[in-house]
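Chain order of the listed sequences is A and B. Counting in the numbering used here, the first sequence runs from 1325 upward without gaps. Counting in the numbering used here, the second sequence runs from 10 upward without gaps.
Because the hints were derived from the structure by calculation, they are not lab data. Since we're looking at a predicted model, the values are computed, not measured. A few of these clues could be false.
[Stated by the list, open to error] Derived coverage of chain B by chain A (criterion: at least 3 residues anywhere in the stretch with Cβ under 8 Å from a Cβ of chain A; other residues may be distant):
(1) 152–161
(2) 180–191
[What the hints assert, rightly or not] Below, a list of computed lysine-lysine pairs in the DSBU-like style, where the Cα atoms sit at most 35 Å apart:
(3) K1609(A) - K299(B)
(4) K140(B) - K1506(A)
(5) K1398(A) - K248(B)
(6) K1398(A) - K1441(A)
(7) K140(B) - K1529(A)
(8) K1603(A) - K299(B)
[Stated by the list, open to error] Examples of chain A residues lying across from chain B (beta carbon under 8 Å, computed):
(9) T1424
(10) G1475
(11) G1478
(12) G1486
(13) S1518
(14) V1531
(15) E1552
Every residue, glycine too, gets a C-beta built ideally from N, C-alpha and C.
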Amino acid sequence: MFELGSFGSAGQTRRLSSTSSIAMCQSPTLSAETVSRYTLGELMVASAAREIGDGEVVFVGMRLPLIAFVVAKKTHAPNAVGLFENGVIRTTPAPELIYTMADPPNILGATECLDMKGVMSLLHSGRVDLGFLGAAEVDRFGNLNSTEVRGPQGLTRLPGSGGACDIASLAHRFVVLLEHAKQRLPERVSFLTSPGNGDGHDWRKRVGLPRGGPAAVITTKAVLRFGEDGEAYLASVHPGVDGEEVTANTGWKLRVSENLVSTPAPGAAELQAIRAYDKEGFWTK
Amino acid sequence: MDKLLSMRDAIQEWVPDGASVALGLQLEQMIPFAAGHEIIRQKKRGITLIGPISDILFDQLIGAGCVKQVMAAWVGNVMMGSAYSFRRAVEQDGMKVFNLTNLTLLLALEAGAMGVPFLPTRTALGSDVAKGNHFFCAIFSPFEGKEPLWAVRALNPDVTIVHVQRADREGNAHCWGNFGVMLEGVRAAKRVIVVAEEVVEPEVVASDPNRTVIPGFLVNAVVESPFGAHPSPVQGYYKRDDAFFRQYHEQTRTKSDSDAWLRRWVYDVADRRAYLNQLGVCRVERLGVKQHAYAAPADYGY
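Please work from the sequences and hints to get the whole structure.
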């Protein structure tokens, strides 16, 4: 279990609180000590959950975002709508932990359960606000590779796009979750599976993409966001991590925000929602 | 017409060597593992696999040497990540993969189902998945705006295999849960094999036509195979065997591990009944429905 810090020690970085939508209140059931200890997975899930605005339509995706959607629903975004590419639409969180979007608890009590065309047509026509993605590589302009990596050891074949390219192409914005390592954050992806900002400002428009682009990359060390020019910058570092550690582990000269802050720790309500759902910590330990 | 066959006969008759086979079209639900295992046992060769994502069944067919090429959006183990036989086949043996996305595979099958040469989309503009990929051709809208689009080439699988909850002997099939791209995959296919948890009387299927996802006249064979989708879930019948997916990941890291896995779970079991015996009564019971959740009846009366 990673021990990433506590409410009491903001370290070298300033704490962001004014822009956080999360109330750092004490939970009636989690003690202050319990709340002060959280895993990296929990921090990433809480950060992902905060990207979801109340009432937004979200393409949920696989793995950690499955929980982020549940956490958002149970905390600050009770009116968010979840779309899953197997054909499920949910306005309530699945009643128990799921490992894939097609697990029976994600079907039970769904708002609608039909086919991929039903949800993909909503995505295609611009009615999806946000999508979550994972990737093996994310580059300076937020382009994603989940297809293949060619390196000194030869070819590494990855599972492929799934729906990631579709979500990156067609949602109004997308958020990536990623392990922070130099080889995972190259200057340029070796294979552009899912389009971010291409080579910079205006690229998406030039190639004909109707909208969208990356809003954030939530890594195991930090959160990157994107400027008007389409390039990523360091927006916040996780508690206990300093900015230099992040830039040293990024494959290009990462710009740093003048307002660099500390990623807000998960609040009590978020931790409670995560732990009530992922009881054994499969996704978040 | 009674199309009920054993799994052995259905695969023997309708899945020839060299066929393109679409399966796993409902994504992580109702994956026709029993059918896939019979394809492996019959040592089919030169197969083209078609599917949006594949939760380890593609990996097993590839590991068994059945597969020439893959047309898919994602191949792996959804809960665990990579699938090792797929990786070995591509990285070491140069197996051909047509990289699609979920949406473009859907459009390819839909175009095939409609009998048009392509369907247009805005997805994947600027993406490398389209590079050197015969499924994609850059076009401009012929209507005002003239915006750039991909034409996605139609795809007609030789055989589509689907797993459903129940079907009658003609192949009229009920399914509930998520459909993924199954409806398009069935209509695009030249032949269809329906694998059902239960074969029921025609009256049962006819009682609820809104739940009928496959009309029998499109179906070539019906196979009854209880637990035939294990370890994937079938809504109302059994849940997902998460541990099985985890164990597969741990037990197939090397070629010899993968061979041993295939011997244990496929080659050395004669059929699905033997497979279930090996799985064990306890495990099968544990996966069964613990709390039924029936839908309200729909009144078709007038």
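Here is how each hint holds up against the structure:
no. : hint                : result
1   : 152–161             : holds (count 3)
2   : 180–191             : holds (count 7)
3   : K1609(A) - K299(B)  : holds, 28 Å
4   : K140(B) - K1506(A)  : holds, 27 Å
5   : K1398(A) - K248(B)  : holds, 25 Å
6   : K1398(A) - K1441(A) : holds, 28 Å
7   : K140(B) - K1529(A)  : holds, 19 Å
8   : K1603(A) - K299(B)  : holds, 20 Å
9   : T1424               : holds, 4 Å
10  : G1475               : violated, 12 Å
11  : G1478               : holds, 7 Å
12  : G1486               : holds, 4 Å
13  : S1518               : holds, 7 Å
14  : V1531               : holds, 4 Å
15  : E1552               : violated, 19 Å
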